[in-house]
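Protein chains: 2
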Amino acid sequence: MALIVQKYGGSSVADAESIKRVAKRIVDTRRAGNDVVVAVSAMGDTTDELLDLAAQVAPIPAPRELDMLLSSGERISMALLAMSIHSMGFDARSFTGPQAGMRTDSRHGAARIVEVTPTRLREALDEGAIVIVAGFQGINDDTQDITTLGRGGSDTTAVALAAALGADVCEIYSDVDGIFTADPRVVPLARKLSHVTSEEMLEMAANGAKVLYIRAVEYARRHGVLIHARSTFTSNEGTYVLGEGMKNPREPEGEAMEEPIVAGVATDLSQAKITVVGVPDVPGKAAEIFKIVAKSGANVDMIVQNAAPTGRADISFTLPKSDAAAALRALAAEQSDVGFEALLHDDQIGKLSVVGAGMRTHSGVSAILFEALSTTGVNIEMISTSEIRISVVVRGDELAEAARVVHAAYGLDGEVEAVVAAGTGR
Amino acid sequence: MALIVQKYGGSSVADAESIKRVAKRIVDTRRAGNDVVVAVSAMGDTTDELLDLAAQVAPIPAPRELDMLLSSGERISMALLAMSIHSMGFDARSFTGPQAGMRTDSRHGAARIVEVTPTRLREALDEGAIVIVAGFQGINDDTQDITTLGRGGSDTTAVALAAALGADVCEIYSDVDGIFTADPRVVPLARKLSHVTSEEMLEMAANGAKVLYIRAVEYARRHGVLIHARSTFTSNEGTYVLGEGMKNPREPEGEAMEEPIVAGVATDLSQAKITVVGVPDVPGKAAEIFKIVAKSGANVDMIVQNAAPTGRADISFTLPKSDAAAALRALAAEQSDVGFEALLHDDQIGKLSVVGAGMRTHSGVSAILFEALSTTGVNIEMISTSEIRISVVVRGDELAEAARVVHAAYGLDGEVEAVVAAGTGR
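From first to last, the protein sequence lines are chains A and B. Using the UniProt record's numbering, read the first sequence as starting at 1 and increasing by one per residue. Using the UniProt record's numbering, read the second sequence as starting at 1 and increasing by one per residue.
Hints in this document: simulated from the structure, not taken from any laboratory. These numbers come from a predicted model, not from an experiment. Treat the hints with caution; some may be incorrect.
Given that identical chains are not distinguished, each listed pair holds provided it fits within a single copy or across any two copies.
To be verified - Restricting the straight-line Cα-Cα distance to at most 20 Å, the calculated cross-link-like pairs of lysine to aspartate or glutamate (EDC-like) are:
(1) Lys20 - Asp52
(2) Lys24 - Glu123
(3) Lys285 - Asp52
(4) Lys20 - Asp337
(5) Lys20 - Glu49
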């Protein structure tokens, strides 16, 4: 008997009909002879509605109370899901984060899991029940207050439960079919991947792929949890995310095909570029600049510095569009201290990343990228690389074309256009 | 420094504006130098909306899960209330039923409080915080599952907290100004009572007065808690409900007026009457009938039996209209066994009750009632009495007139018409 952890996001339990559909899916998994533990998010827009209410009563809600408020969303969805399963004749019990033993630190709104002690879940499983757990929430070990895990928290809940219970697989359901070689809305010939390594997944997620949250993938990688990303709306197999030493469970032993060099092409239109012009070319200036930017709360991604023979350098960096205003304000306030000449702001950029574990052992991967872009006449503005990734910044309005050309150049194109799921929210 | 427990019902926290108004009221109480503990219900129609969702996913929701679901309503209102108080510059902390130490038995949906261990509330009070507690909910001591207290549960939560913390007073806020000598919508000249004894309050509540829940009044009586029923929408003093040996805190020592013999007139249109016709007049038949009725789940109120010299008797009883169908079905199924001749059902009755602790020591109280009714030509169909109450059943469409006449006959009429609150729901 296998133990399967499943995670359903808000769009999968948006209304009574969806909840009944998910309940049926859970019951089918149970009927197939598996133990089932489910992590569930709040219904549809519940969290946004609660945030809206909070904003109406308090301009800056107290973090402890905001977590108390938001954690009510999952209580609603999980209780409804449990009673729906019950009405199909199966024992199901819902547990809040605290009841599930999801112990965290005290950072309200962005708590980290410290330890999972799923005693009550084990008992319920031993008694034959299907276990439903509130995603996104935990309890602060010190003060016994409710905490929430922040963005993507329910994915993390599911993976943490899978790790603590030694589950065979953690199925993360969403409205897309799995992980694709590119975003099918950008690259119509994108193919669904049968599997991807967790390090590739991390690079793709960090560079624009939205199917899984980085934090959950990291947790899975660290704790050896096998993730299966699949769709709530079909029974198709999705994509397995393999940690170190893991095999794709669908590929019979010994028959593994040779791994492709490039797993996928990720695109990202959410970044802006700031250029600090005419920075005195003396040691410590870059440190000075990025200390100022960090203090503004901005999350810097790519950095390029052109040291010119004039004794002045230009430093460009990218960051989320939403962080740009604060970073610009912070830099402008320190202009005379740092001694730079001007600030340029560009929010019309696009980032294209090619990701593949095979890059480690194959040369010439970047040449294919640059060649493909040059034949299309796309200008490269910035380049950055990791061991298994090459990213370039191009004009935003050229990003889609660039992605299609690069996708084809690496031989990733499928034979038919991918079907894009109707729902796009998660 | 006094410790004041306040309870706000769903209509008092129905939206963001109401929550801010309640927050201000709580802050004013704190500013006046009091420690404040607040029990709060779910916002407006939240509970009904959750019940509706439950009905959509499961015809008969599992009780444990239904309690989990419903308990989310108070988490929302209490977190919003706490953050609203916070934004006014006061420390406020919300606590769920379990966190507040509200320990109950395991009857989901109708749990009884077993013990209150408000350790965390004491700590928060000692640290100067305003304490907000989720009404209506607790935790089952055996299985550590969430329970709810059923109808009027938040009133009971407030009184139980007041008892456990040794509060000076438990203020129960609603949309009416206090306890009246009669329902002002029925008797326009009804007067607000400055105080009422808890035994009078119990009789009035059991016989149609809707301001306070019986269970909360009983708990207060048993644990010596002073209740102050007042309005969320005015700063008027309301009505004190006095337990044994308690004095009205508004009346200076020694100046207490003589107690009125009759405290009020309660009216109730929610009952129906069933008459079992032609019951064999042999011992044990009444027991047989009421065993059948009890098994149907019906809650019998008044009973009248006319033993006739014919060897056959008619037995009439009243019960909530909603219980009548089940009781009739159950009786009809046993007609041949019991040997009665026919069943009559009448849902056009009204019950009028005169309540007053002074009845114990004064004679002639019932004579005033019968005299008043006879001069108006109202026919009495059933009579029942307790130590401090006389109830009569009359035609439903004559109830209002009967109440006005009786109210005047006991000298209860005020000089001006009472203002009826805009909102009527609780």
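Status of the hints after comparison with the structure:
For the identical chains of this complex, Lys20 and Asp52 are inter-copy neighbours only, at 15 Å across copies versus 28 Å inside a copy, given an alpha-carbon limit of 20 Å. In the homo-oligomer, the alpha carbons of Lys24 and Glu123 never lie at most 20 Å apart, since the shortest distance is 23 Å inside one protomer and 46 Å across protomers. Taking the shortest Cα distances, Lys285 and Asp52 never come within 20 Å of each other, neither inside one copy (42 Å) nor across copies (62 Å). Proximity of Lys20 to Asp337 under the C-alpha cut-off of 20 Å is found in neither arrangement, the shortest distances being 62 Å within a copy and 46 Å between copies.
In this assembly of identical chains, the alpha carbons of Lys20 and Glu49 lie at most 20 Å apart only when taken from different copies (18 Å versus 23 Å within one copy).
Figure legend: structure checked against the earlier numbered hints; hints not met, in rising order: 2, 3, 4.
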